[in-house]
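*Asks:* Residues per chain are reported as follows:
Number of protein chains: 2
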Amino acid sequence: MIIWLAASMTVLLLWNLRRVRCGVLTVEIEHVDVSTMERLEQQGVDCQPKASTIRIIQDKYLQKVHFSRHGIPLPDFMQIDDLEGAKRAGDLFGYPLMIKSRRLAYDGRGNAVAKSEEELSSAVTSLGGFGRGLYVEKWAPFVKELAVIVVRGRDNAIVCYPVVETIHKESICHIVKAPAVVPWKIRQLASDVAHKAVSSLEGAGVFAVELFLTSDGQILLNEVAPRPHNSGHHTIESCYTSQYEQHLRAVLGLPLGDPSMKTPAAMMYNLLGEDEGDQGFHLAHQMIAKALTIPGANVHWYDKPEMRKQRKMGHVTIVGPSMGVVEARMNSMLVGRGYDGQPASVPPRIGIIMGSDSDLPVMKDASKILTMFGVPHEVRIVSAHRTPELMCSYAASARDRGLQLIIAGAGGAAHLPGMVASLTPLPVIGVPVRSSSLDGMDSLLSIVQMPRGVPVATVAINNATNAGLLAVRILGAGDPDLLARMSQYQEDTREEVLRKAEKLQSQGWESYLNP
Amino acid sequence: MIIWLAASMTVLLLWNLRRVRCGVLTVEIEHVDVSTMERLEQQGVDCQPKASTIRIIQDKYLQKVHFSRHGIPLPDFMQIDDLEGAKRAGDLFGYPLMIKSRRLAYDGRGNAVAKSEEELSSAVTSLGGFGRGLYVEKWAPFVKELAVIVVRGRDNAIVCYPVVETIHKESICHIVKAPAVVPWKIRQLASDVAHKAVSSLEGAGVFAVELFLTSDGQILLNEVAPRPHNSGHHTIESCYTSQYEQHLRAVLGLPLGDPSMKTPAAMMYNLLGEDEGDQGFHLAHQMIAKALTIPGANVHWYDKPEMRKQRKMGHVTIVGPSMGVVEARMNSMLVGRGYDGQPASVPPRIGIIMGSDSDLPVMKDASKILTMFGVPHEVRIVSAHRTPELMCSYAASARDRGLQLIIAGAGGAAHLPGMVASLTPLPVIGVPVRSSSLDGMDSLLSIVQMPRGVPVATVAINNATNAGLLAVRILGAGDPDLLARMSQYQEDTREEVLRKAEKLQSQGWESYLNP
Chain A
1 MIIWLAASMT
11 VLLLWNLRRV
21 RCGVLTVEIE
31 HVDVSTMERL
41 EQQGVDCQPK
51 ASTIRIIQDK
61 YLQKVHFSRH
71 GIPLPDFMQI
81 DDLEGAKRAG
91 DLFGYPLMIK
101 SRRLAYDGRG
111 NAVAKSEEEL
121 SSAVTSLGGF
131 GRGLYVEKWA
141 PFVKELAVIV
151 VRGRDNAIVC
161 YPVVETIHKE
171 SICHIVKAPA
181 VVPWKIRQLA
191 SDVAHKAVSS
201 LEGAGVFAVE
211 LFLTSDGQIL
221 LNEVAPRPHN
231 SGHHTIESCY
241 TSQYEQHLRA
251 VLGLPLGDPS
261 MKTPAAMMYN
271 LLGEDEGDQG
281 FHLAHQMIAK
291 ALTIPGANVH
301 WYDKPEMRKQ
311 RKMGHVTIVG
321 PSMGVVEARM
331 NSMLVGRGYD
341 GQPASVPPRI
351 GIIMGSDSDL
361 PVMKDASKIL
371 TMFGVPHEVR
381 IVSAHRTPEL
391 MCSYAASARD
401 RGLQLIIAGA
411 GGAAHLPGMV
421 ASLTPLPVIG
431 VPVRSSSLDG
441 MDSLLSIVQM
451 PRGVPVATVA
461 INNATNAGLL
471 AVRILGAGDP
481 DLLARMSQYQ
491 EDTREEVLRK
501 AEKLQSQGWE
511 SYLNP
Chain B
1 MIIWLAASMT
11 VLLLWNLRRV
21 RCGVLTVEIE
31 HVDVSTMERL
41 EQQGVDCQPK
51 ASTIRIIQDK
61 YLQKVHFSRH
71 GIPLPDFMQI
81 DDLEGAKRAG
91 DLFGYPLMIK
101 SRRLAYDGRG
111 NAVAKSEEEL
121 SSAVTSLGGF
131 GRGLYVEKWA
141 PFVKELAVIV
151 VRGRDNAIVC
161 YPVVETIHKE
171 SICHIVKAPA
181 VVPWKIRQLA
191 SDVAHKAVSS
201 LEGAGVFAVE
211 LFLTSDGQIL
221 LNEVAPRPHN
231 SGHHTIESCY
241 TSQYEQHLRA
251 VLGLPLGDPS
261 MKTPAAMMYN
271 LLGEDEGDQG
281 FHLAHQMIAK
291 ALTIPGANVH
301 WYDKPEMRKQ
311 RKMGHVTIVG
321 PSMGVVEARM
331 NSMLVGRGYD
341 GQPASVPPRI
351 GIIMGSDSDL
361 PVMKDASKIL
371 TMFGVPHEVR
381 IVSAHRTPEL
391 MCSYAASARD
401 RGLQLIIAGA
411 GGAAHLPGMV
421 ASLTPLPVIG
431 VPVRSSSLDG
441 MDSLLSIVQM
451 PRGVPVATVA
461 INNATNAGLL
471 AVRILGAGDP
481 DLLARMSQYQ
491 EDTREEVLRK
501 AEKLQSQGWE
511 SYLNP
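Just so you know, the sequences run in chain order A and B. Mapping of the first sequence onto the UniProt record's numbering: position 448 corresponds to residue 448, and the numbering continues sequentially without gaps. Mapping of the second sequence onto the UniProt record's numbering: position 286 corresponds to residue 286, and the numbering continues sequentially without gaps.
Isolated chain A, as found in the complex (with noise of 0.2 angstroms):
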């Protein structure tokens, strides 16, 4: 038997643990009363994590004072006792000035900003006064939070999720975007941050690491979570393994599961209480059966009795294939609703592009076979040579606006492939259009004779459609569906060729020339 304990559990009940045959013991949330979990592991109760673990997390500075020991890189703080200590603190590390009550503080309960000197008091007093025991924080000039579910295993075995954006909103986790939108090399410091913070912890499970990314590049640890967290609740959907059975596995000591991600993105919005009492549910409601319309959307209700503003009363996951179409997907839900709320079309996968109308009559070709496969995508034109401003924001913003691939159309001296796959992490198509001059051989050696390190996939000259076929089968390598329909496709073209066959040996070739 788990036994799972939960804040509102008494010392009582905890003490009939030796009762009954409790098999691991272990936190939904850190705010328990961690003297009788030591005793309970004195008397041999198998406590996953440890309560040391528990009493170095659930007092947020000795969590400071831990990870700082343990070389974890985290904002300046210091304990601060009376108002003469936080003004000292102020002049050490300007302000703004973050206050912390070291204790029960979570979804941004607990902390306090004073601007300046004279705020000072206020903030102090809006936490309750020095009895409750505060701290100060450097602010941390953050441009984006990030967080990671570590999972270690009773052999300390240690697995990473995939590193996280968290929007907060008044302090509260809003939205949660997986994989976080940041540069490979800042996912890697951010887990190997977050793998050395649970690493100095002891006992097994999930845990959650907050982290703050500065503007040069830092990650900072702000807290962690001694248990499956809001950070992770998208690994239900998006996940090999949720975050709830990876806990489970942890504190029992079975095989860790995957972490990584089987869709290729997961937005989680927080539905958090808009008013007190039967309105707010009614906005919740709103909201629910707006969640319900969307594509790929899984909305969860904690069934709470009571709802109050800013209380997490659920929250909905959407999974797709590309950020791009999650965010849409996203959008779509929240139209008048915060985040940026513009309504959503099906997004495209595919941008063609070409340096000029006059490519059109080659280019069309590749729209007409991505029609027929049923591929959204979009016909722009965009020139190397005349708007190579327009160029540049276009292939760099292709993949966050969710394409994922794109066809190029050019001819002479044919630069805008190359440069647009120099421009994008995405795979890039080259068509070399047919010039006036040198029948195309200009555009195709201007388009394949790419240096090592930035590729363009160039297909023959004027053909269009092998560019939207290539197309489909690059999006088929990832979608079954696609790939069956290029292979049927295949098969379509096999028999039309056999029909001919046919006819030509029936008919003899006199006939099939001049029927």
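The reader is advised that the hints may include incorrect statements.
[Said to hold, decoys possible] Now the in silico label distances, taken between C-beta atoms and shown as ranges:
#1 A:S511 / B:P255: 57 to 63 angstroms
#2 B:R21 / A:Q188: 51 to 57 angstroms
#3 A:A396 / B:K503: 23 to 29 angstroms
#4 B:D216 / A:Q188: 54 to 60 angstroms
#5 A:R39 / B:K304: 35 to 41 angstroms
#6 B:T125 / A:D155: 55 to 61 angstroms
[As the list claims (entries may be wrong)] Covered stretches of chain A, going by a simulated chain B footprint (3 or more residues, C-beta under 8 angstroms):
#7 179-186
#8 292-301
[What the hints assert, rightly or not] Straight-line Cα separation of at most 20 angstroms, EDC-like style, residue types lysine to aspartate or glutamate; simulated pairs:
#9 A:K290 / A:D278
#10 A:K185 / B:D481
#11 B:K290 / A:D155
#12 A:K185 / B:E495
#13 B:K169 / B:E210
#14 A:K312 / A:D278
#15 B:K368 / B:E378
#16 A:K185 / B:E496
Everything labelled a hint here was simulated from the structure, so no lab data went into it. Note that the Cβ used here is the ideal one computed from N, Cα and C, for glycine as well.
Fit chain B to the supplied structure of chain A, relying on the hints for placement.
*Replies:* The following block gives chain B in isolation, referenced to the frame of chain A:
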């Protein structure tokens, strides 16, 4: 309140429905007391699907008559009332002959095969005699069994899940493959038949349509279940909306969810009782322990109190990035337990092939890039002109082996890339290898100038590095981690060039060239 009607619920319980606030009555199995359901309908209880549908489906003979009247293709059948009738059916349909109970038949129970007229009597006896209501079906010479989960909303909107293949063992569902590996046209045909079958029934909910695929490409209806079904268990992990959520959406009149797959491939394995009692539990636990070590495997244990041979005790669904990968994982789980049971290693995602070992000094660069990005791949010699049969079998089997892309290098009359592209729906990257004459222009034109219909993604002459990078971009179209790493690679390359630029600027060109 929704009430799920199970076979075990008594008429008394049903009559009490009127006293509780029952919003919708639905069924978890078709073997319920349909007369009571009809009376409840008359009294205004909202049943979804309708009692009329349950009445048709729970009698397999009536079901066949119903679908036959609605023009759904199905094997020939006829009612039999005595041995003379059975013999007449045998004369008409030939042997082997399927004899089936009209009622309470599932998981192979209620079916018997007579291989000859002599076996008719014992087959009938094994089914409990004519008194139970029997009919015969002409043996369907199927090559595969397929199934489609179809959902109908209260507004009669219909959506279909992807067609799956069901593999039976002793008439019990053993393995489900999603999507079915059959031609696209067969999938469309199967969906159409399933859609038409469900359209002919009344009421909302999930329906499972079991089908036969015959050797001549026909789809015949086997039977329909008016509820979530074993062939749809994979949807829990592999589809945007599980069949269970979908059933609730349907019967409640909520918008139907997206039925498409969020992972490219899934396989479901039924945990059937292998033995009675404790030994049976022991064997099942062994299998579960194995499953917990398999990436992408999800264990479902139904916690049934009693273990019996061939009883469905749970199931395991394995999902992954391609059917090849999922099959390798399934093999690894089932080593020594049937299926094909080969021990699995990490299956390659990319095949690098070349016409001759003389191409290896060029082609090795593609392998170096793939290794750098951590993409599992294989390197093979496959010559179009000297091993044409090997080339055909390699290309034709590539997709089923789990390859997602092929890089082919060749020189001179370079036929390998184009021939391979004509034999597979996968994307093929061609590397023109410089030949002894013509500076590789022969290789380039042989590879890039493919006819309309069969594209090869051609890179620069001898530039296998770019072939590797293009392959990473192509897999990255569906894999954000790989795409993020490609961005990082571009960033690193940029920094390297900028360092050189700085050095040139600070040292001047003379000292740069003569350090």
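*Asks:* Hint by hint, say whether it matches the structure.
*Replies:* A quick look at each hint next to the structure:
1. Taking the beta carbon of each, S511 (chain A) and P255 (chain B) are about 59 angstroms apart, inside 57 to 63 angstroms as hinted.
2. A C-beta distance of roughly 56 angstroms is found between R21 (chain B) and Q188 (chain A), which places it inside the suggested range of 51 to 57 angstroms.
3. For the pair A396 (chain A) and K503 (chain B), the beta carbons lie near 27 angstroms from each other, so the given range of 23 to 29 angstroms is met.
4. For D216 (chain B) and Q188 (chain A), the Cβ-Cβ distance of about 55 angstroms falls inside the hinted range of 54 to 60 angstroms, so the restraint holds.
5. Range check, R39 (chain A) to K304 (chain B): about 40 angstroms between beta-carbon atoms, so the 35 to 41 angstroms window is met.
6. T125 (chain B) and D155 (chain A) have their C-beta atoms about 58 angstroms apart, which keeps the hinted 55 to 61 angstroms range intact.
7. Beta-carbon proximity to chain B at under 8 angstroms applies to 4 residues in the stretch 179-186 of chain A; the threshold of 3 is reached and the given coverage holds.
8. Counting residues of the stretch 292-301 of chain A whose CB lies closer than 8 angstroms to any CB of chain B gives 4, which reaches the minimum of 3, so the coverage claim holds.
9. Taking the CA atoms of K290 (chain A) and D278 (chain A), the gap is near 18 angstroms; set against the 20 angstroms cutoff, the hint holds.
10. Pair hint K185 (chain A) plus D481 (chain B) holds up; C-alpha atoms about 11 angstroms apart against a cutoff of 20 angstroms.
11. Between K290 (chain B) and D155 (chain A) the alpha-carbon distance is near 18 angstroms, which keeps this suggested pair within the 20 angstroms criterion.
12. Proposed proximity of K185 (chain A) and E495 (chain B) is supported: the alpha carbons are some 14 angstroms apart, at most 20 angstroms.
13. Distance restraint check for K169 (chain B) and E210 (chain B): the Cα-Cα separation of roughly 15 angstroms lies within the 20 angstroms cut-off, and the hinted pair is therefore satisfied.
14. For the hint linking K312 (chain A) to D278 (chain A), the alpha-carbon distance of about 16 angstroms falls within 20 angstroms, and the restraint holds.
15. Between K368 (chain B) and E378 (chain B) the CA atoms are separated by roughly 12 angstroms; this keeps the pair inside 20 angstroms, and the hint holds.
16. In summary, the hint linking K185 (chain A) to E496 (chain B) is supported, as the alpha carbons are separated by about 16 angstroms, within the 20 angstroms threshold.
The structure is consistent with each of the numbered hints, conforming to all of them.
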